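**Student:** This is what each chain is made of:
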Amino acid sequence: MNDLLLNLILTLDASFRVCIPLIFASMAGLFAERSGVVDIGLEGKLLMSAFIAASAASVFGSPWIGLIAGMFASCVFAMIHGFASITYKGNQIVSGVAINILASGLTMILTLAWFKKGGITPTLQSDERFLSITLPGVDIIDHIPLIGVIYRELISGHNILVYLAFAIVPLVWWVVYRTRFGLRLRAVGENPKAVDTAGLSVEGLRYKALLIGGILCGIGGAYIAIAHNAQFTKEMTAGQGFIALAALIFGKWHPYKVLAACFLFGFLDALALRLQGVVLPVIGEVPVQLIEAIPYLLTVILLAGFIGKAIPPKASAQPYIKEL
Amino acid sequence: MKNSHIAIELIDVDKHFGAVHANDKVNLSVKTGTIHGIVGENGAGKSTLMSILYGFYQADSGQIKVFDQDFISTNSRQSIEAGIGMVHQHFMLVENFTVLENVILGSEGGALITESLEKARIELTRLAKEYGLEVELDVAVEELSVGMQQRVEILKGLYKGAKVLILDEPTGVLTPQESDELFRIFEALKKQGVTIILITHKLREIMSITDYVSVMRAGKMVAHRQTSETNPEELAELMIGRKVLLNIVRTEAKSGDPLLIASNLEIHNEQGIKRVSEVSFEARSGEILGIAGVTGNGQGTLLKALAGILPLSKGSIEILGETISPKKSLNPQELRNLGVAHVPEDRQRMGLISDFSASESALLGYQNDKEINQGVWLKRSLVKANCESIMEAFDVRPINPALKSSNFSGGNQQKLILAREFERNPQVLIIGQPTRGIDIGAIEFIRKRIIEMRDAGKAIILISVELEEIMSISDRIIVMCDGEITGTVDAANADEATLGMMMANALPSDKQITEAQL
Amino acid sequence: MTRDRRLAWINGLLLPLFNVLTAFLATAVVFLFIGVDPIKATKILIYGALGYDEGLGYTLYYATNFVFTGLAVAVAFHAGLFNIGGEGQAYVGGLGIALVALYINPALSAWILIPLAISGGLLFGALWAIIPAYLQAYRGSHIVITTIMFNFLASALMVYMLVHVLREVGQMSPESRNFPEVVWLPFVHDVFAGFGYNIAKSPLNLSILVALFFSLLVWFFLWHTRWGFAIRATGKSNDAAIYSGINPKKIIVVTMCISGALAGLVGVNELIGVQHRLFLNFNYGYGFGGIAVALMGRNHPVGILIAALLFGILYQGGAELDFELQNVSRDIVVVMQGLVILFCGGLEYLYRPLLIRFLAPIET
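Residue numbers (this note's numbering), protein chains in the order written: chain A, 1 to 324; chain B, 1 to 518; chain C, 1 to 364.
Since the hints were derived computationally from the structure, they do not count as laboratory data. Honestly, I wouldn't trust all of these hints.
[To be verified] In silico DSBU-like pairs for lysine-lysine, Cα to Cα no more than 30 angstroms straight-line:
#1 274/B / 322/A
#2 89/A / 40/C
#3 274/B / 309/A
#4 40/C / 328/B
#5 370/B / 236/C
#6 327/B / 40/C
#7 89/A / 404/B
#8 404/B / 250/C
#9 208/A / 160/B
#10 31/B / 160/B
#11 40/C / 384/B
#12 208/A / 309/A
#13 119/B / 314/A
#14 40/C / 117/A
#15 40/C / 370/B
#16 43/C / 314/A
#17 370/B / 328/B
#18 252/A / 314/A
#19 327/B / 274/B
#20 257/A / 201/C
#21 250/C / 379/B
#22 40/C / 314/B
#23 129/B / 220/B
#24 220/B / 65/B
#25 252/A / 250/C
#26 119/B / 208/A
#27 322/A / 220/B
#28 119/B / 25/B
#29 250/C / 236/C
#30 322/A / 160/B
#31 40/C / 252/A
#32 117/A / 208/A
Predicted, not measured: the structure shown is a model, and the values here were computed from it.
Next comes chain A alone, as it looks inside the complex:
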């Protein structure tokens, strides 16, 4: 019994860690897509910022410089995306794909050029990365059954970016639903003409949205390389940008629902890891790949309208061309 509980708590704990980049990336996607720009490039921005963050942290010996550098790199990519799809009204998906591939290639080339090793950066010392924080009172609460374990394993003992991720979701919600910027953001993704005729700049709003997305993706990427891991490795984002996109759709572009989707997908991931090779009674050996496939499967089913309906912002994927 106790064993099962501990297992559950450990799995939950692992899913927390796994879902952090998903949260940052999907919140980034939320800003972009709410403004009417489809963001296929989340993966590339995550990867690029992971690499730049790890490099900067290693070179300058500070996780904070790493974080800022990662955010900057991700923003540069976001602006390339914006330049192509907002200013030049190109296909948003094509430029998103370009960003992903570019990131994949550049990280490989630059690791080799800078660190003489293809695809990896130097291992970070502990003072070069974000370390776990033990929250006050762990010792005191520890002896309380259940709550003690939960507090120690689940709530305490994460690095600062984890707490930031959970803090950022309500902040995103507040910005999107309670501020002037949020109102305009939601409007420009639904009907850019309404925004234009209200005397607001469609392009300006979309650029701002992409920039915020760049910053958030930057944090997500930095988390992967300098908090969750201690170096950059080849293709280390491993499709998390796409899972974040799936979570964004699954959460119907709403911050809290997206958070829930991220957590669900993170949990499935952690579960798949834990169940690797485990033989369960009745079921037998669990096909891990099936569990890993669930997020994608769910997203496809939801998009097709078989369980509820995920309706993207109306203007998404359409460049805004001014005409009556």
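Following the hints, put chains B and C in place on chain A, whose structure we already have.
**Tutor:** For chains B and C alone, kept in the frame of chain A given last:
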């Protein structure tokens, strides 16, 4: 400043879109506190002019004065600040926003919206009471009726302090009752000193609600009148303009059996909006049936249904031995096989593909013909040769099947489409706007060809917004307004004024026409 | 020259040329940034790819894969669809090939087995595309998102198949047993040897003929059959297609099946051509590479053959860079792919306003 006698003054406003001259040195003066109508055919440049005033587009040259102040608007914000509000033809509303959210968008007041929303609520309640513009404020706009959405648009303008309100075709989407309600609101606004500019092509509205009216045609402002001193006939004439009389010799029609009988048609357009109801008519062989009406009164939808693009919601069409009904539809391909040719209204988007070569555009709809297909192989040399021969037959220039369709002039594009449709010897021809926007020479050529087809015993249904065209080549004319037939006349005893009145549904019943004719 | 003519020249030739050149230029900047002389690198690259027989063989072998995926992306583009799922379709297509190769009686003749294996690839690739296509046509879900999801689903499926179904008992690594020799496509050097010519060994195999055959077929299909006409008409104008009696929904499904089938042929080259067994990630990168190839080749089989050859050169030449220079690896090709997609795709209109202003101003 607000006491100024003249609210809006436009002097020599000029605007090009590429090679199109949308506004040609336009002058306009609108008196404060009046309802000023601007009429003109579609494409006359009314909407462009108003969008310039509203700052959505910038004029190439010319001067604008608002309440006697020189005014250059580079975006809508400046126009809003100058006191101009605009209700666009297609509403500029965020559909999943509430009424309140829509109203404050762009004029939120502060960085947080909770407070702005409360402020707006109080203000809107006041405005609603003052002008009789009650709307539920916390409902998502998409759940409101079209009439209510329009109120939201008006409220948006008023909330932002509009002293001049521009409405672009506001009744196009309204039921008659909603239109009456809108006009009542206009009166209330006028009483409060708001200036209203009403863009429309419906003469009835101009006559019943405006104080002044200006007429636009082909980008130019052609006349200004006090409404009380003009009449629909004069306005219709000004709108349409006198066309160069074309030299078309017509013989008497020898009409035969009906080849197409439409009974009680009800048709919804692609967006699911009912555009045609209770329409019945028949088209006989050897006869041209003209369908007249102002653009957007259901003729286009009717045409698409006749061509098999839109399904019927009610009624039936008997055509060359087959019956189309809501249960049994024929697709465009099947209709073509049956002997129905279709010249679509929109030649650029539907009639041909601008990126395709002429020979490929000349293949649209006939790509499955046995003659040009040998097994899987589409015989392109034959397609080219066919294209060349129909280009010759219809005098399409240059005779170059490999040239991209977009590189032909409008007239030659249209001739190519006609050639494609006519040269397969169809029995029934459905023709939409055959001569819109093309040169006189091509117009004459095309009309002659249509009459030739009539004389060859085909049944022809001709839809055109050019009244003159309908009158000069049709044998019978039906007039449509608001999706219904508002009159049927023989071409021999039709005159422009009567048809114009029917197009505006300004005559109470068909009987009166007959009496007037007698 | 009339303005229309000039515009046609700008859109048809100058713009694509400028875009490709910009991508090359940007790559040169990357080279400079990492301290590599771009001219020297180009020389090594071209020598490595074309300078000797073995290099040339490798170049053509890589190009073969790009032809398949480039054609796949292009066919979909012609119907106005963006098939981003070539990666997954290629992967699952490989499963189809492997199933034929592993489970059909190897006593049959190669003349039966090899076409059957190719058909397996076509069929499975098409199957992997048909669901996203159906969902786009009839349920309105966006094909880009669904095909991305299907890439990951393909990945999961293939891992499962390789780990749990196709792996030989006692074998550690997730790969199938070797295919029977009868289903192997002959290497080009073996074929030449058969005629008495000795050329250097390389993975180049007869798949290249399959690629050429399908390029020809796609060209014929798109421009010389009524179905190709219907596909192109739908891609250019949905309205005109409906007017012509074409059902755009059907076109979506059919076109995506063809697209998926073409992507499914990557396995012909990789599996029965070179590796002779099914293994993880044999498709890696070719699906996305196909996007760059199609964009650069302007969605025309001839352009695709040229673009595929160029990417083949880059792949193989990139490997040479690995050997010769310390500061750069073949991944520079991936960078270049990204730049090609960016400049030939996302930023395809970058120079248009400028070119129009100078070469074809509006006459008023």
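**Student:** Hint by hint, note whether the structure agrees.
**Tutor:** Verification of the supplied hints:
1. 274/B / 322/A: Since the Cα atoms of residue 274/B and residue 322/A sit roughly 29 angstroms apart, the hinted pair holds (cutoff 30 angstroms).
2. 89/A / 40/C: 37 angstroms, violated
3. 274/B / 309/A: Status holds; Cα separation ~27 angstroms.
4. 40/C / 328/B: 70 angstroms, violated
5. 370/B / 236/C: Holds. Residue 370/B to residue 236/C sits at ~24 angstroms (cutoff 30 angstroms).
6. 327/B / 40/C: This hinted pair is violated, its Cα atoms lying about 72 angstroms apart.
7. 89/A / 404/B: Status holds; Cα separation ~25 angstroms.
8. 404/B / 250/C: Within the cut-off at roughly 27 angstroms; holds.
9. 208/A / 160/B: It holds: about 25 angstroms lies between the C-alpha atoms, which stays within 30 angstroms.
10. 31/B / 160/B: Holds, because 21 angstroms separates the two Cα atoms, which is no more than 30 angstroms.
11. 40/C / 384/B: Roughly 50 angstroms separates the two Cα atoms, so the pair is violated.
12. 208/A / 309/A: Judged against 30 angstroms, a Cα distance of about 28 angstroms means the pair holds.
13. 119/B / 314/A: 29 angstroms, holds
14. 40/C / 117/A: It holds: about 22 angstroms lies between the C-alpha atoms, which stays within 30 angstroms.
15. 40/C / 370/B: This hinted pair is violated, its Cα atoms lying about 59 angstroms apart.
16. 43/C / 314/A: Violated. Residue 43/C to residue 314/A sits at ~50 angstroms, over the 30 angstroms cutoff.
17. 370/B / 328/B: 26 angstroms, holds
18. 252/A / 314/A: Between residue 252/A and residue 314/A the Cα gap is close to 13 angstroms, so the pair holds against 30 angstroms.
19. 327/B / 274/B: Answer holds: residue 327/B to residue 274/B is near 18 angstroms, not above 30 angstroms.
20. 257/A / 201/C: At roughly 57 angstroms apart (the allowed maximum being 30 angstroms), residue 201/C and residue 257/A break the hint.
21. 250/C / 379/B: OK: residue 250/C and residue 379/B at ~24 angstroms, within 30 angstroms.
22. 40/C / 314/B: 75 angstroms, violated
23. 129/B / 220/B: 40 angstroms, violated
24. 220/B / 65/B: It holds: about 19 angstroms lies between the C-alpha atoms, which stays within 30 angstroms.
25. 252/A / 250/C: Within the cut-off at roughly 29 angstroms; holds.
26. 119/B / 208/A: At roughly 27 angstroms apart (the allowed maximum being 30 angstroms), residue 208/A and residue 119/B satisfy the hint.
27. 322/A / 220/B: Holds: residue 322/A and residue 220/B sit about 23 angstroms apart, inside 30 angstroms.
28. 119/B / 25/B: 43 angstroms, violated
29. 250/C / 236/C: Status holds; Cα separation ~16 angstroms.
30. 322/A / 160/B: 23 angstroms, holds
31. 40/C / 252/A: Violated. Residue 40/C to residue 252/A sits at ~51 angstroms, over the 30 angstroms cutoff.
32. 117/A / 208/A: At roughly 36 angstroms apart (the allowed maximum being 30 angstroms), residue 208/A and residue 117/A break the hint.
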